[in-house]
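Enquirer: One letter stands for each residue in the lines below.
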Amino acid sequence: MSVAADHPAFLQHHFADPRQQHESAKLGMWLFLVTEILLFGGLFCAYAVYRAWYPEMFYNAHKALDVLMGGINTVVLITSSVTMALAIRSLQRDRRRPAVGLLLATLLLASVFLVIKYFEYSHKIHLGQLPGKYYHFTGVPGTNPHIFFSIYFMMTGLHGLHVLVGMGVIGWVMVRTARGAYSHVYYTPVELAGLYWHLVDMIWIFLFPLLYLIG
Amino acid sequence: MDNQPPVHSYLREPSGLKSWLLTRDHKRIGVLYLIGIMTAFVIGGVLALMIRLELLRPGPTLFTPDTYNKIFTLHGAVMIFLFIIPSIPAALGNFVLPLLIGAKDVAFPRLNLASWYIYVVGTVVALYSIFAGAVDTGWTFYTPYSTQSTTTVTAMTLGAFILGFSSILTGLNFIVTVHKLRAPGMTWFRMPLMVWALYATAVIQILATPVLGITLVLLILERLFGIGIFDPAMGGDPVLYQHFFWFYSHPAVYIMILPGMGIISELISTFSRKTIFGYRFIAFSSVAIALLGFLVWGHHMFVSGQSELASMVFSALTFLVAIPSGIKIFNWLATMYKGQISFTTPMLYALSFLCTFTVGGLTGIFLGTLSVDVHLHDTYFVVAHFHYVMVGGTVMALLGGVHYWWPKMFGRMYSEFWGRIAAIIIFVGFNLTFFPQFVLGSQGMPRRYFDYIPEYHSLHATSTVGSWVMTIGFLIMAAYLIRSFSHGAIPGDNPWGSLSLEWTTTSPPPTENFAVTPQITHGPYDYDQMTAASTLARHGTGAR
Ligand code: HEM
Ligand SMILES: [Cu+2]
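Line by line, the protein sequences are chains A and B. For the first sequence, the working numbering gives the first residue as 196, with consecutive numbering after it. For the second sequence, the working numbering gives the first residue as 350, with consecutive numbering after it.
Since the hints were derived computationally from the structure, they do not count as laboratory data. All values derive from a computational prediction rather than experimental measurement. Incorrect hints may appear among the rest.
Which stretches of chain B does chain A cover? Using the computed rule of at least three CB atoms under 8 Å from a CB of chain A, they are [stated by the list, open to error]:
hint: 1; region: 513-523
hint: 2; region: 582-591
hint: 3; region: 752-760
Beta carbons: idealized from backbone N, C-alpha and C, even for Gly.
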């Protein structure tokens, strides 16, 4: 049994030392991210299958997406990944206030992403570029253009949901940081939130060219 | 009984319902899961008896065809999603895994409790779907019918989706636990084979389940918004659904069977008092099965119109799975060879497993053979095959494991006499129920039919009688297990004289599992070196 001195408050009873706890948490998070990638993997498969079947239609339909808005969003998300990484770096050096600021910046950038997404969505809804049986836009030549929009909405919708969840998690670690829960000794939750956020960013980096750019 | 189990055990400390519902102790969570899966097994079992009753004689017996469709769908869905997938990993695995590697708990105890609650929520949603009218698509929810059926498919698939989360989180927890929380000296090759099996299972759980998750989401979206990707009328492809579904569900077969194989390794070595033969082969074959399991899903779709080349490749890959499975069987037989076999209740289940799983596995080769499958597809041959694997394999192993670890879990022995009687009745009833179905299937009786031609009558009637015999076995088991709580003898820490770690702590264990963190100095199966010690241990003095 360890002595109380090397058993700080954040160390759970079933771990022998902080290092073991930290490594376990990180491994757990990485495994979770694998499952997230596989969840999206199903959609990427669907994308690949239908793209192979209807190459013309995909080409015609992808032009309906707004590359400028998508591009801005890409920049926004990458920047937010940077601020997230910087926040962790600040915590490692025990600089709590800048860390809170950087987490707040990450949150703001995430909401910018969602606002832009909102404009894109409402424009499409307005035009009737909707999934499946709700599709009534007439401007895309080729058979079954609604499939493209089904896939578009499913992929970006699921991604958007992840952004929302990410914002919740980042908001939570931000409050905890402000309250002084983390220091250079213990900041695992912030690090895990960061890993998650980088994944959300990375998935978008795949979605953007696949949906908006590839012709 | 004059004697009482130890006062300081996880069962009593802390006490009160709330302490159970908020517990983070893996042992209590294992017990909670055990309660959950047993409930599911009873529900699924009653539905099975109803199916068999309808099939007792030709013509309508009890139900309308519609009701019959719902009953077999619910039986399948309940048994698969609520019972068998969580059964060994989440219930027994949760209980024994940390004990087997000398850890105080799993890596994420709170997440573990959350998995159980997610399981409960998923179960409630699935049961809601039953009461709101039930589902008639078969447990596979094949499109395009499942997108059109007016029954409560959405609720049921949502339930399965939620249950998937629970399964993923358990798997994730186990992997981290095995990697990070082994006691000092517990090297990878000193881990009990049950741990290897649970580890391989966990890998499948986290790699396959997300794909099922997204598939079910797509199905729900298809029903709600008509997204069209599974709907041929809208340019979609229903076979894509089958690919996605079986990409999960074939590996899921190994989520069901691998942990069972882990239990069998423990039982055979303990009750033959022999070092397990080919430890590394058994360990690696679990991993090999887990990985190969991802490459064979197409053997469910030989008649779906997938390309012939794909079918041939899937058929060939399917045969490969027989190799690691065969390795295990032969290693178990070699372990028993010249062992001092004691025919205890758990060992009887292990032997039943060897018989029935071998039949299930060999008939799987029939089905993996393209030309033969075209004849047997969707007949009772398939039903018999998967019941031999799932009931004859997994359920036998589960029962063996429950009996083996029962004294550890509850600090009480059950009646060994009645235990053996029940095991024999269940074995006989099982074969009486499912063997005739091989014959029926090869004669052309299709599955999922509520009626049949009179020529099939005697075989169907035999099968139905078998299901009653099996039920008698289960009732006897329920009776002596429940009785053991109040009247069971106090077993001592190590009633079987086993060498693996969980038997070195008290029965039932204290909340922290081990009074002192164990130091591991030998493998779990070194019986040959320890014959003298184990002879002593057999009389309840506890292992070293
Ligand atoms: C214990 C006694 C059991 C009996 C008598 C029994 C009987 C049956 C019968 C008659 C069917 C219908 C076959 C058809 O029409 O296609 C069936 C289907 C099925 N059973 Fe069982 N079963 C039992 C236990 C189990 C268990 C323990 C599991 C799983 C762990 C299970 C899983 C299934 C599945 C997945 C189906 C397929 C349902 C479908 O076709 O949609 N059964 N069972
Ligand atoms: Cu399969």
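Enquirer: For every hint, state whether the structure bears it out.
Expert: For each hint, the structure was consulted:
With a cut-off of 8 Å between beta carbons, the region 513-523 of chain B has 3 residues touching chain A; three or more are needed, and the interface restraint holds. For the region 582-591 of chain B, the stated coverage by chain A is satisfied: 5 residues place a CB nearer than 8 Å to a CB of that chain, which reaches the threshold of 3. Only when three residues or more bring their CB closer than 8 Å to a CB of chain A does the claim for the region 752-760 of chain B stand; here the count is 0, and the claim is violated.
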